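Can you build the whole structure from these sequences, using the hints too?
Sequences listed follow chains A and B, in order. Taking this note's numbering, I'd label the letters of the first sequence as residues 538 to 961. Taking this note's numbering, I'd label the letters of the second sequence as residues 250 to 434.
These aren't lab readings, by the way, just hints derived from the structure by calculation. Computed from a prediction, not measured in an experiment: that's the story for all the values here. In this text, a Cβ means the ideal position worked out from N, Cα and C, and glycines have one as well. Each hint should be verified, as a subset may be incorrect.
Some chain B residues judged to face chain A by a derived CB distance under 7 Å, without partners named [said to hold, decoys possible]: (1) 285; (2) 287; (3) 296; (4) 310; (5) 311; (6) 351.
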Amino acid sequence: MLLTWFQRGDDGMVVKTLTGNKAVAHAVKAARVKVVAAYPITPQTTIVETLADMIEHGEMNAKMIRVESEHSALAATLGAAAAGARSFTATSSHGLLLMHEVVWWTAGARIPVVMSVVTRAIGPPWNIHVDHNDIWDQRDSGWIISIAENNQEVFDLTLQAFRISEDPRVYLPMIVGLDGFILSHTVAPVDIPDQEKIDQWLPPRRQPYVITPESGVVMGNLAADEDYYMMRYSIQTAMVEAKKVISEVDDEYGEVFGRKYGGLVECFHCDGSKYNIVIAGSWSGDAKEAVLKLRDEGYSVGVLRVRYFRPWPDEEIRRLLSTSKGVLFIDRSISFGGKGHLLTEAMTNLAESTNLPAVRGVIAGLGGVDVGADEFYELTKSFIDEVEENGPFYDPLYWHIPQVYRGKYPERLPGYGKFSYERR
Amino acid sequence: MYVEIVFHGRGGQGGVTAANILAGAAVREGKWSQSFPHFGAERRGAPVRAYARISDKPILRHSQIKTADIAVVLDHELFDLVDIPGSVKDNGVIVVNAPRDFSVDLKEGQSLFCVNAMEIARELKLFVAGWPVVNTSMLGALVKASPVVSLDSILAEIKSYWPGKPGELNAEAAKRAYENTVRCI
Numbered sequence: 538m539l540l541t542w543f544q545r546g547d548d549g550m551v552v553k554t555l556t557g558n559k560a561v562a563h564a565v566k567a568a569r570v571k572v573v574a575a576y577p578i579t580p581q582t583t584i585v586e587t588l589a590d591m592i593e594h595g596e597m598n599a600k601m602i603r604v605e606s607e608h609s610a611l612a613a614t615l616g617a618a619a620a621g622a623r624s625f626t627a628t629s630s631h632g633l634l635l636m637h638e639v640v641w642w643t644a645g646a647r648i649p650v651v652m653s654v655v656t657r658a659i660g661p662p663w664n665i666h667v668d669h670n671d672i673w674d675q676r677d678s679g680w681i682i683s684i685a686e687n688n689q690e691v692f693d694l695t696l697q698a699f700r701i702s703e704d705p706r707v708y709l710p711m712i713v714g715l716d717g718f719i720l721s722h723t724v725a726p727v728d729i730p731d732q733e734k735i736d737q738w739l740p741p742r743r744q745p746y747v748i749t750p751e752s753g754v755v756m757g758n759l760a761a762d763e764d765y766y767m768m769r770y771s772i773q774t775a776m777v778e779a780k781k782v783i784s785e786v787d788d789e790y791g792e793v794f795g796r797k798y799g800g801l802v803e804c805f806h807c808d809g810s811k812y813n814i815v816i817a818g819s820w821s822g823d824a825k826e827a828v829l830k831l832r833d834e835g836y837s838v839g840v841l842r843v844r845y846f847r848p849w850p851d852e853e854i855r856r857l858l859s860t861s862k863g864v865l866f867i868d869r870s871i872s873f874g875g876k877g878h879l880l881t882e883a884m885t886n887l888a889e890s891t892n893l894p895a896v897r898g899v900i901a902g903l904g905g906v907d908v909g910a911d912e913f914y915e916l917t918k919s920f921i922d923e924v925e926e927n928g929p930f931y932d933p934l935y936w937h938i939p940q941v942y943r944g945k946y947p948e949r950l951p952g953y954g955k956f957s958y959e960r961r
Numbered sequence: 250m251y252v253e254i255v256f257h258g259r260g261g262q263g264g265v266t267a268a269n270i271l272a273g274a275a276v277r278e279g280k281w282s283q284s285f286p287h288f289g290a291e292r293r294g295a296p297v298r299a300y301a302r303i304s305d306k307p308i309l310r311h312s313q314i315k316t317a318d319i320a321v322v323l324d325h326e327l328f329d330l331v332d333i334p335g336s337v338k339d340n341g342v343i344v345v346n347a348p349r350d351f352s353v354d355l356k357e358g359q360s361l362f363c364v365n366a367m368e369i370a371r372e373l374k375l376f377v378a379g380w381p382v383v384n385t386s387m388l389g390a391l392v393k394a395s396p397v398v399s400l401d402s403i404l405a406e407i408k409s410y411w412p413g414k415p416g417e418l419n420a421e422a423a424k425r426a427y428e429n430t431v432r433c434i
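Here is the structure:
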């Protein structure tokens, strides 16, 4: 029988209590990474601190390259990876934005690299707390983008990222997201599998080409427009393949290590539920608690947790939209002038859906504003009750305004109002 | 079983470490736990908080703790700076490091447990950077006031947190605090 993240294994597993950041470092060590290049930024810093400590004390046989900025951090990581070394970096928020140019270079070069993104708000105003605008900002770059719910999944996803990124059907870099402070600085139990088992499961590094003084490979040269076009086509092809690989890796990891998450998404009572919440990251657990309470009260409701933002889980979302009476999207990010990211992405699957469910998009928790199980309970209950009473509607941009400002500002802005389907 | 605990301390007193040790002790017993600091900038000497959750079931939530079941107060003078009774439930338990004659107003239904952890630190010559170490003592006091985990698990976790002499000394502090903690309100 497969274990879920919270069930303990028996042999060969060590339960430690670790912060999310330390869980990352342990996974990077377990993957036998050879080069780490990074620049400190809150709340990512303790990942690199821990790795530096492991390297210094000889627990990890790797080289730490100290750099002067995040732009250089990823450039050095890419360089080392292109030369054949399994390489890793980590960053957050402003650091991620500063390296954004190299984010594209890495994916375009098709060089497998793994990067942790400890999600954090982007200034100004200055804010170090959790927010998803930094991670989703990498959406179009060609990286595989995943995000964890808890520290165990942080460890498991980080380890899996090397396997996925280095799969010859994929050969794309991969981001593993973990929520700033909420996971990065929270201590929780983590099972670390036996190193021997990890070594058997994770093959030696593979990559499409290796740059050496003799190899004659040139990176970043001018390409014909048609070649450029086809290289874009090939990245999209790799994303399609990545969906299969992610699912295979999840299955296989489950068989070997006992934890399986569901691939691109985790379905928590979502199959057959009339109503569903779509959410990503650490607060998904609070949404699950709210759902368990609502289910006890007789509501038919579940959670579809987005684990991978790229490749986007098209089929899973299409199926959810096709079978649900109402879907509530919870976004911790906003595309200004547009909408929340999860809702925006999911709406591209609506045309393929055989159904037109009621939809509400909630913007909540920006800049680390705390939203817990009680609030998810209220948000979900009022959504379901409204749909049951008034019929289906489209309400794409509902601002869940922080308590101190609630009642003083409208929850909906002109042009993004709620309207019922009958009115169309 | 599901318990939420808040640690009130001053920056540098080890409230976060105490929460982490408590989380580790719970895992030793096959329980589930979380511990986390109050997310924000911290300054040495300023009032700070850390939190822990302990459960016999997996803990799904990651949101903040608004009112805890138990407060552990590393310095009794924090009662003048922070609304400590307001940080715990109406029937909550507060465990404080305080001199013997300490008294304070609580909400009706709340109870107070006292121990002089400063004295224990002095007896054991347990100082770090000139500051008496009280965080490990207060873990002993906590599990006396409310057995959320056993004293043995606390002692084992302290010893594995600081291998060797420092661990032995801190474990002794926790043990003495456990023996000397009394209900004072």
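Hints, verified against the model:
no., hint, result
1, 285, "holds (4 Å)"
2, 287, "violated (10 Å)"
3, 296, "violated (19 Å)"
4, 310, "holds (5 Å)"
5, 311, "holds (4 Å)"
6, 351, "violated (31 Å)"
Going down the numbered hints, you'll see the structure goes against 2, 3 and 6, while the others check out.
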